[in-house]
Amino acid sequence: MVLATVPVEYYLLLSAAVFCIGLFGILTRRNALVFLMSVELMLNAANINLVAFAFYWENLTGQVFVLFTMALAAAEVAIGIGIILVLYRNFNDVDVTEATTLKW
Amino acid sequence: MEGVFQFAPAIAALPFVSFLVALLAGKYMPKKGALAGILATGISLGLSLVVLAVVLSGHTYNETLYTFVDAGEPFSLTFGLLIDQLSALMLVIVSLIAFLVHVFSLGYMNDEGEMGLPRYYASLGLFTASMLAFVFSDNLLMAFIFFELVGLCSYLLIGFWFRRDAPPSAAKKAFLVTRFGDYFFLIGVVGVLATFGTAQFAGSEGFPALAEAALGAGETFYGFGAETWFSILGLLVLGGALGKSAQFPFHTWLPDAMEGPTPVSALIHAATMVAAGVYLIARMYGFYALLPTVLAIIAFIGAFTALFAATMGVVKNEIKQVLAYSTISQYGYMMLALGAGSYVAAVFHLTTHAFFKALLFLGAGSVIIAMHHNENMWDMGGLKDEMRVTYLTFLAGSLALAGIFPFAGFWSKDEVLFDTLVVGLETPLLLVAYVMALGAVFLTGFYTLRMVMLTFHGKPRTDTAENPHGVRWNVKFPLVVLGVLAVVAGFINMVPVEKLTGANVSFLSGYLADAPDEFLTSSAHYGELLETYAGYESGVLAGSEPLTVLLGGGLALALALAGAGLGVVLYRADEPTRHTEKLGGLHTLLMNNYYQDEYQVWLAEGLTARVARAADTFDQGVIDGVVNAVSSVSLFSGDRLRRIQTGVVTNYAAIITLSLLALIVVFAVLGGWF
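In the order they appear, the protein sequences are chains A and B.
If you use the numbering used here, the first sequence corresponds to residues 49 to 152, in order.
If you use the numbering used here, the second sequence corresponds to residues 30 to 703, in order.
These aren't lab readings, by the way, just hints derived from the structure by calculation.
Note that the Cβ used here is the ideal one computed from N, Cα and C, for glycine as well.
Mixed in with the good hints there might be a few duds.
Negatives, chain A to chain B, calculated, CB over 10 Å [as the list claims (entries may be wrong)]:
hint: 1; residue: Ile69
hint: 2; residue: Leu71
hint: 3; residue: Ile74
hint: 4; residue: Phe83
hint: 5; residue: Asn92
hint: 6; residue: Ala119
hint: 7; residue: Ala121
hint: 8; residue: Asn138
hint: 9; residue: Phe139
hint: 10; residue: Asp141
Okay, derived cross-link-like pairs now, SDA-like style, lysine to any residue, Cα gap no bigger than 25 Å in a straight line [unchecked claim]:
hint: 11; chain 1: A; residue 1: Lys151; chain 2: B; residue 2: Leu670
hint: 12; chain 1: A; residue 1: Lys151; chain 2: B; residue 2: Arg671
hint: 13; chain 1: A; residue 1: Lys151; chain 2: B; residue 2: Phe696
hint: 14; chain 1: A; residue 1: Lys151; chain 2: B; residue 2: Gly254
hint: 15; chain 1: A; residue 1: Lys151; chain 2: B; residue 2: Ala255
hint: 16; chain 1: A; residue 1: Lys151; chain 2: B; residue 2: Ser105
hint: 17; chain 1: A; residue 1: Lys151; chain 2: B; residue 2: Asp543
hint: 18; chain 1: A; residue 1: Lys151; chain 2: B; residue 2: Gly667
hint: 19; chain 1: A; residue 1: Lys151; chain 2: B; residue 2: Trp502
hint: 20; chain 1: A; residue 1: Lys151; chain 2: B; residue 2: Thr686
hint: 21; chain 1: A; residue 1: Lys151; chain 2: B; residue 2: Tyr681
hint: 22; chain 1: A; residue 1: Lys151; chain 2: B; residue 2: Ile673
hint: 23; chain 1: A; residue 1: Lys151; chain 2: B; residue 2: Ser660
hint: 24; chain 1: A; residue 1: Lys151; chain 2: B; residue 2: Asp668
hint: 25; chain 1: A; residue 1: Lys151; chain 2: B; residue 2: Gly676
hint: 26; chain 1: A; residue 1: Lys151; chain 2: B; residue 2: Ser666
hint: 27; chain 1: A; residue 1: Lys151; chain 2: B; residue 2: Val662
hint: 28; chain 1: A; residue 1: Lys151; chain 2: B; residue 2: Ile684
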């Protein structure tokens, strides 16, 4: 197996990198769509971890779990985009810092 | 026979229906609702007479009909019917007067082309209905509810001509003054319910019986001895009775209530409203008979009011004003009788007074129609030839009011005075009340005959008096009925005759003593209570009862005749002089009603309003200030604290990330990763 030659640390590094990109997006961006994408990135970073460990331990549970996570992420995106649409309709913008009517 | 009691609620329900009919359909009816009222009160009168007949045959009724708050413990609130000797008699009086007043209103209101008649007849119907329901109430709370309704209707009727200035203000005054008394009554009702767990008037489960038992057992309530506590309750309820019966110092509303239409005045003063106060005390007499202090207070207020009001009646110039003060004065007698332990005399005077006072007011109404609504007696004169029926009936009523033998008022007033005298001989304090009442007898005779002479005798003093407006059958019929009653009603209880000759002619005394034992509402039972708890005993003058009767009765009659004679002599002239104006400063004082209104207005505006304003300032400043200070601390700190919550997701995410990093560093250092 080709993959077997790649040590698990590489996957973990990849996963950490993807997670950090997502985190960076959340911490710095104001556009709600970018927010959503960043969250997806972070989720997928976790997915990579799960698959990598599943492969490492030769246990399929992790991979099954990933399938669930993906379905969940799809549902989340549907709702998230819905919220963004409403946000746009109400504030004519998708900047999250603009929507301040519910806070002080 | 008892089956008739199933229909007894209809006595009050029928006038209520007439209220609805007059209210909803009155303006489409030929007499604007009068016929519905006459029909309803007529049937009520018939039913009341049947009920009286059944009661006379020895059947009585005391049932709870409807429980509107069924709590069981500590007490339930109910509506019920109590028909015993007292309420059966009162039902007849009220429905009779209401019926006659409805008929009279045809002449006074319809024939005079008044506006708003459906409203008038609707209020009259509700007034009658609430008074009748008040009369047959079997518990204090129900009585209170209808007591208040009576007050409301009097407000509506006194203020009937609301487009003028005076009537609405008089209506408000009547409402507020009586409400002031009712406030105490309400607390009294709550107190009675809380103390006894029941407000029933009659029976061994009723509160008078429980009070007697508690008094016998020497129980204590809320830290007070039984008698002290019951006296407090009794005085609280008395507050309501004093307000409604216009006793000093709550009498000020009554003269102003003359602003209402005259038939209404007749109804208010003879049978409803004002009678309600005295009736209430008589209804729960089993309770008051236990409390000598309260009885003494009642007696003194009554006697003082009788004298006090009579002095003001002496100087008044309007015919209805004189009658108003005589009403206050006469109710003072009833209170005196109740306070002196003479339940029978009070009920007797209530009965005869209802007839002759209704007669006098309706007679005055007839005069007022004739005088084109001029009420000043100095503009009248010489009416006796023009209005024969009115004159004769009015004279009968006046002689009854003055207490001249053998008219109704003589018998009842004499009994009040006699009973006060014999008790006073053993309880000397009451003799003071007796003397005040005697003074009132003289003044009553004087102002009554002054009124008669000024109105009907002498020469006509104005053009209207020369050519008075005629009155029709609907005015004369009630006058004749009441005129006959004012002459003969006294014969139902001729105690002095019985005492002197031994003939059995004290029918009312026997009737009231006849109430069933299990109700504990008979006058015989009250007599025992008075003797045991209040220590009332009868004394005699010069050791001989017939002599006491003769002396007491003779003194009262002599004073009444002296007063009446003085009235006749002074005002007999064709052009009578205004003798009372010679009283100078006293006349001014009396015309201004002893400045009672002024001091009560001062009490309201100068004292109560100021105290209320100060309390308001205290409330707004100190109480609210403390509350506001506490809340402003919370508000301020909350305002500062909430700033750590930015509401920006990014910030939260940054904090979480930084905290995580810090945590990792801590673990790293402590775990020795480096």
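Inset, instruction - For the pair we were handed, Lys151 of chain A and Ser666 of chain B, check the Cα-Cα distance against 25 Å. - result: holds (17 Å)
Legend entry - Given pair status - Tyr681 of chain B, Lys151 of chain A, alpha carbons within 25 Å: Roughly 15 Å separates the two Cα atoms, so the pair holds.
Legend entry - Hint consistency between Lys151 of chain A and Ser660 of chain B [alpha-carbon to alpha-carbon, up to 25 Å]: Within the cut-off at roughly 22 Å; holds.
Inset, instruction - Below or equal to 25 Å on CA atoms is what counts here, so check Lys151 of chain A against Leu670 of chain B. - result: holds (14 Å)
Inset, instruction - For the pair supplied as a hint, Lys151 of chain A and Asp543 of chain B, confirm whether the alpha-carbon distance does not exceed 25 Å. - result: violated (81 Å)
Inset, instruction - Decide if the proposed pair is consistent with the structure: Lys151 of chain A and Ala255 of chain B, CA atoms, cutoff 25 Å inclusive. - result: violated (64 Å)
Inset, instruction - For the pair supplied as a hint, Lys151 of chain A and Thr686 of chain B, confirm whether the alpha-carbon distance does not exceed 25 Å. - result: holds (23 Å)
Inset, instruction - For the pair supplied as a hint, Lys151 of chain A and Ile684 of chain B, confirm whether the alpha-carbon distance does not exceed 25 Å. - result: holds (19 Å)
Legend entry - Pair hint outcome, Lys151 of chain A versus Gly254 of chain B [Cα-Cα no greater than 25 Å]: Judged against 25 Å, a Cα distance of about 64 Å means the pair is violated.
Legend entry - Agreement of Lys151 of chain A and Val662 of chain B with the hint, judged by alpha carbon distance not exceeding 25 Å: holds (22 Å)
Legend entry - Asp141 of chain A and chain B, when compared Cβ to Cβ, separated by more than 10 Å: holds (15 Å)
Inset, instruction - Decide if the proposed pair is consistent with the structure: Lys151 of chain A and Gly676 of chain B, CA atoms, cutoff 25 Å inclusive. - result: holds (6 Å)
In this structure, the hints that do not hold are numbers 2, 3, 4, 13, 14, 15, 16, 17, 19, in rising order.
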